[in-house]
Amino acid sequence: MNSSTRPAQPRPHARRPAAADGARELKRIQRAFWRVIAQPLTRNNRTPRRGPDGRATAAAVARFIKPNDRLNAVERIQIYHRAYWFRLLDSLYDDCPGLRAVLGEKQFMRLAEAYLARHPSRSFSLRNLPSRLAAFIRAEPRWTRPHTALCVDVARFEWAQVVVYDEAARPLFTTDDLLDADPASLRLSLQPYLQLLALDYPVDEFLLAVKQQESLLRHDASNMPAQARATDAAPHASRPPRPERGRCWVAVHRFDDMIYLKRLERASFAILTALRAGRTLDEAVARGVPPSRQADEAWAATVRDWFRNWTELGWFCRRDKSTTSNR
Amino acid sequence: MTFSRRPAESCARCRIAAPSSMPANRFNAYTDYGIGIGLRVPHYRHILARKPVVDWFEIISENFMVDGGRPLEVLDQILTQYRVVQHGVSMYFGSADPLNRAHLKKLKTLVRRTQTPWLSDHLCWGSVDGSYSHDLLPMPYTFAAARATAEKIRQARDYLEVPICVENVSSYAEFHVSEMTEWEFLSEVVERADCGILLDVNNIYVSSKNHGFDPRDYIDNVPHHRVAQMHVAGHTKFEKYILDTHDHPVLDPVWKLYARATRLCGVTATLLEWDDRIPSFDEVHHEALKANEFIDEARPATPARAPARSR
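Chains W and D supply the protein sequences, listed in that same order.
Position one of the first sequence corresponds to residue 1 (the numbering used here), numbered consecutively onward.
Position one of the second sequence corresponds to residue 328 (the numbering used here), numbered consecutively onward.
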């Protein structure tokens, strides 16, 4: 058995600069490596000849990466550079079918690249990659003109779907929890996964059309030759029309682990957002129903129906006493 | 959440691994798991409906480090039927950044849920100053890096309270500052951390071609008694380098290395990785079970495993 169980000893011929001996050196190397791979690729998917600081990439990389008999130092790090960008762009591509449908493939890819260059991933999970996309679109409208407002709504909606998919569900609030409760002080909690969106465009209908279209395309594509599938002519030709501006309120929720979209009325949306903000039941209802109408029997019946429906959908949960905020 | 899980031995659906001539070791919690495959989304429906006989599933921890929804529903259903081992891709023991406390906390929650007997992640780095590459980036093989990496492995193990194994990655670049070979670096880290090894023989093959070393030297010179699990996978050859793509069946040279590693390390829990262009469940499982041929071949030559030592 040729097993080595002792720590390796330095080889006499090994090159060992004094600076290598320390955590600082490790950090320096990793930052240098990161600076190369975090900059966008060229149009030909290559590492740029010059870095963001204007210095020649070849000289900078050759300081820490060795060439071999087939690849120079830049070609070796370029393997990682491409993998980094392809992986992250693929992830955003999959998460954002609606943005792709609004912008088209080319403009979407320009947006995605600018976003990732400005906001590299700060999470161990790719799930969180689009979390800052809506804010980025708002802050840098040049990537989405002339559809910036629509893109903000679509990005918010697509991120909401990510959250709804795997956010926590807490124990349901039951009628027993209402015993002896005073509406003036009762506070209801909403499930953490429930997402409430006030939108300037009806992107819920638009995204359903996009997904339906993509599903049809996938079905068609299964009988198409690979060459035909590689072109994006078909998706462009059948892209659903961009929606016209129109205020709407939507709940993105989950039931039996499936994601659903539910249109809300302005008043019901106001009640739910007030509950989420930690208002009492009385205060929340007052947000949705004008005080002058609260004695109206028709309104009372409507509000009762809303609460019955929301309870059936499991939107109310027991309050988490460990947290002070009510999401 | 607490949940009960039948012991694997009493699970009718689980095939009991063939008794090996080698003892299991403390780095895999003295288990003898046999041949597993990765739990992947395209196979969920097949597994849950047909309940195929599989020794164990390896899950990517990060896919289940969430607070609710379908991922955890599926996982809980799998856990009632199968043995599961966690494999991570973002602990980044080799990053100069300190361990991410929030990440560790989520990971520990998952460890309690799965009751994984051991937990693996890669001997690499992938984040710097809080930015994540989502890749397995190569280490400079220096003594300073080995010390820092081993310290982080120890911290993670102490917090997670589960044996940790580190996996050798495939690599495409080498650093001027390196002071030793990759297998010396791996040995240095695991001895200092007193942890196990997840020996990926495909990665050894890929790196040997990319860097021009003999893969047998690598396999011969790692501390065999620390090998707690092995990986096999397919790769793709390009003109000037080989890429670890996990989208093909395992190639013959990799199986040969696997047989060599099994002769030296003993019969070890083995997992086939197939992560892209994933074929049917049956095809993946059939490919994984080919390992049995090489295990049978290696078994008569298997030497006694060195006793596990505590440092």
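Simulated from the structure, these hints should not be mistaken for laboratory data.
It is possible that part of the hints are untrue.
Computed footprint of chain W on chain D; a stretch qualifies when at least three of its residues, placed anywhere within it, have a C-beta under 8 Å from a C-beta of chain W [stated by the list, open to error]:
(1) 395 to 406
(2) 464 to 470
Here are the simulated distance ranges between beta carbons [unchecked claim]:
(3) D:Asp-579 - W:Arg-138: 50 to 60 Å
(4) D:Thr-407 - W:Ala-286: 45 to 55 Å
(5) D:Ala-429 - W:Met-258: 38 to 48 Å
(6) D:Ala-429 - W:Gly-22: 44 to 54 Å
(7) W:Asn-44 - D:Tyr-357: 27 to 37 Å
(8) D:His-613 - W:Ala-181: 55 to 65 Å
(9) D:Phe-565 - W:Pro-48: 18 to 28 Å
(10) W:Ala-23 - D:Phe-540: 23 to 33 Å
(11) D:Gln-404 - W:Leu-208: 24 to 34 Å
(12) W:Ala-117 - D:Thr-563: 20 to 30 Å
(13) D:Thr-563 - W:Ala-139: 32 to 42 Å
(14) W:Glu-105 - D:Arg-604: 18 to 28 Å
Below, simulated DSS-like cross-link-like pairs (lysine-lysine); rule was C-alpha separation at most 27 Å, straight line [as the list claims (entries may be wrong)]:
(15) W:Lys-27 - W:Lys-106
(16) D:Lys-435 - D:Lys-479
(17) W:Lys-27 - D:Lys-583
(18) D:Lys-536 - D:Lys-564
(19) W:Lys-66 - D:Lys-617
(20) D:Lys-536 - D:Lys-583
(21) D:Lys-564 - D:Lys-617
(22) D:Lys-617 - W:Lys-27
(23) D:Lys-378 - D:Lys-432
(24) D:Lys-536 - W:Lys-66
(25) D:Lys-433 - W:Lys-66
(26) D:Lys-432 - W:Lys-27
(27) W:Lys-106 - W:Lys-262
(28) D:Lys-567 - D:Lys-583
Note that beta-carbon positions come from the ideal geometry of N, C-alpha and C, so glycine has one too.
Take a quick look at whether W:Lys-27 and W:Lys-106 sit within 27 Å of each other, Cα to Cα. 36 Å, violated
How does the Cβ-Cβ distance of D:Asp-579 and W:Arg-138 compare with 50 to 60 Å: does it lie in that range? 55 Å, holds
CB of W:Asn-44 to CB of D:Tyr-357, is that within 27 to 37 Å? 53 Å, violated
Would the hint linking D:Lys-536 and W:Lys-66 be met if the CA-CA limit is 27 Å? Distance of about 15 Å is within 27 Å: holds.
D:Lys-564 and D:Lys-617: Cα distance at most 27 Å? 22 Å, holds
Do the beta carbons of W:Glu-105 and D:Arg-604 sit within 18 to 28 Å of each other? 22 Å, holds
Can you confirm whether the C-alpha distance between W:Lys-106 and W:Lys-262 stays at or below 27 Å? 32 Å, violated
Regarding D:Gln-404 and W:Leu-208, is the given constraint of 24 to 34 Å on their beta-carbon distance met? Since D:Gln-404 and W:Leu-208 have Cβ atoms about 29 Å apart, the given range 24 to 34 Å holds.
That 55 to 65 Å hint for D:His-613 and W:Ala-181 (C-beta), does it hold up? Hint holds: Cβ distance 60 Å, inside 55 to 65 Å.
D:Lys-617 and W:Lys-27 were given as a pair; does the straight-line alpha-carbon distance stay at or below 27 Å? Violated. D:Lys-617 to W:Lys-27 sits at ~42 Å, over the 27 Å cutoff.
D:Lys-432 and W:Lys-27: Cα distance at most 27 Å? Distance ~25 Å between D:Lys-432 and W:Lys-27 Cα, so the pair holds.
Between W:Ala-117 and D:Thr-563, does the beta-carbon spacing fit 20 to 30 Å? 28 Å, holds
The structure does not agree with the numbered hints 5, 6, 7, 15, 17, 19, 22, 23, 25 and 27 stated previously, though it agrees with the rest.
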